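Model the full structure from these sequences, guided by the hints.
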Amino acid sequence: MDVAKEKELREAEALMEKNVLLTSIDKLLNWGRGHSFWPVTFGLACCAIEMMAAGGPRVDISRFGYEVFRASPRHADVMIVAGTCTRKMAPLLRMIYDQMPEPKWVIAMGSCASAGGPFADSYSMLTGVDKIVPVDVYIPGCPPRPESLVYGLLQLQHKVNHPDKVRLLKHGK
Amino acid sequence: MGNNDVLRKRVDELAARVNGKVEEMIDTLVLTVQGAYITETLTAAKNFADVPCDFLHDIAGVDKVTHIEVVYQMTSLRGPQKLRVKAIVDREKPVIDSVTRIWAGANFMEREAYDMFGIQFTGHPNLKRIYMWDDFEGFPLRKDYVTEPVEVRNTMRVRRDDE
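The listed protein sequences derive, respectively, from chains A and B. Quick note: this note's numbering has the first sequence finishing at residue 173, numbered continuously throughout. Quick note: this note's numbering has the second sequence finishing at residue 1163, numbered continuously throughout.
Mixed in with the good hints there might be a few duds.
[Stated by the list, open to error] Label pairs and their calculated CB-CB ranges:
no., chain 1, residue 1, chain 2, residue 2, range
1, B, K1128, A, L92, 18 to 26 Å
2, A, G65, B, G1123, 53 to 61 Å
3, A, G65, B, M1156, 27 to 35 Å
4, A, C142, B, E1023, 35 to 43 Å
5, A, K88, B, N1126, 42 to 50 Å
6, B, Q1120, A, S72, 38 to 46 Å
7, A, F64, B, L1077, 49 to 57 Å
8, A, K7, B, R1160, 26 to 34 Å
9, B, V1018, A, S72, 52 to 60 Å
10, A, L92, B, N1126, 17 to 25 Å
In case anyone wonders, no lab produced these hints; they're calculated from the structure. Because the structure is a prediction, the values reported are computed rather than measured. Backbone N, C-alpha and C define an ideal beta-carbon position, used for all residues, glycine too.
Right, dumping it as structure tokens:
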């Protein structure tokens, strides 16, 4: 399916489910989700080293509650695509994404995952993982510093906690 | 006589036998031969007296537009000797003998050279693509390869069941 269309449908579905009773519970749930992302590690290249550094003691992402890196997509709700996604890897990336339980988000970390980076014109490259899965947060950098990843995760937390605000930013009044 | 002199002598002898050309490039002896002589050349180089070049580092292909070169980098774990052998093969029909019988480790390197340049290694036990997927068309490191347009590259490939 077209990824842009998929993203739209996903958002519309989330909107449909809301009614008066559920909104308050939803707020609580989103607060919980936003403060304890369980990322599935999708380290593909050098960005993965920075992702590991973000988990280490110097830039400690467990301060924010994001340290539970899962090796299985079935335990996770955020996929951090860290590195160069080639065309050979693309079907596998999509498979991992499909195995994650709802609700789920994707972070494209680094310029390769965002737009193909320096390899965009290469025979084996995809120009960004947003052609395969709907991406929520793009983190620029080659590779981004661990602080950037933390900032990206906090942006995602903001997005999860304030879906109405994000909708307003995106579509206007 | 130093190690390099002995190696030079051996390589010169070998070059005379296989009709090759020897030159020196940044402290490395380069022996250029025709593709048909490759098994003989490398067997002899592996068994040089005193200075055996018995460790195969790498196999690479080079597209020279008029022909294709297969480059073998050799050295030894027991000495400083280094040798580079270039085999010239036809560009339209690049066929050369496999060296997997001499070095079993050449297996994956030859698959890589096949994957990128389409060089056919006769006698290779399992000559198929190693980096690209099996139904990929063309050989991407050849000079005349045209990269697919971005619209094609951005569509997701469907994996076959047996992959």
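Taking the hints in turn, this is what the structure says about them:
1. K1128/B with L92/A: 18 to 26 Å: holds (20 Å)
2. G65/A with G1123/B: 53 to 61 Å: For G65/A and G1123/B the Cβ distance comes to about 58 Å; the hint holds.
3. G65/A with M1156/B: 27 to 35 Å: holds (33 Å)
4. C142/A with E1023/B: 35 to 43 Å: Holds - the Cβ-Cβ distance for C142/A and E1023/B, about 40 Å, lies within 35 to 43 Å.
5. K88/A with N1126/B: 42 to 50 Å: Given range 42 to 50 Å: violated, Cβ gap about 19 Å.
6. Q1120/B with S72/A: 38 to 46 Å: holds (42 Å)
7. F64/A with L1077/B: 49 to 57 Å: holds (50 Å)
8. K7/A with R1160/B: 26 to 34 Å: Holds - the Cβ-Cβ distance for K7/A and R1160/B, about 28 Å, lies within 26 to 34 Å.
9. V1018/B with S72/A: 52 to 60 Å: holds (56 Å)
10. L92/A with N1126/B: 17 to 25 Å: Distance hint for L92/A, N1126/B holds at roughly 23 Å.
Figure legend: structure checked against the earlier numbered hints; the only hint not met is number 5.
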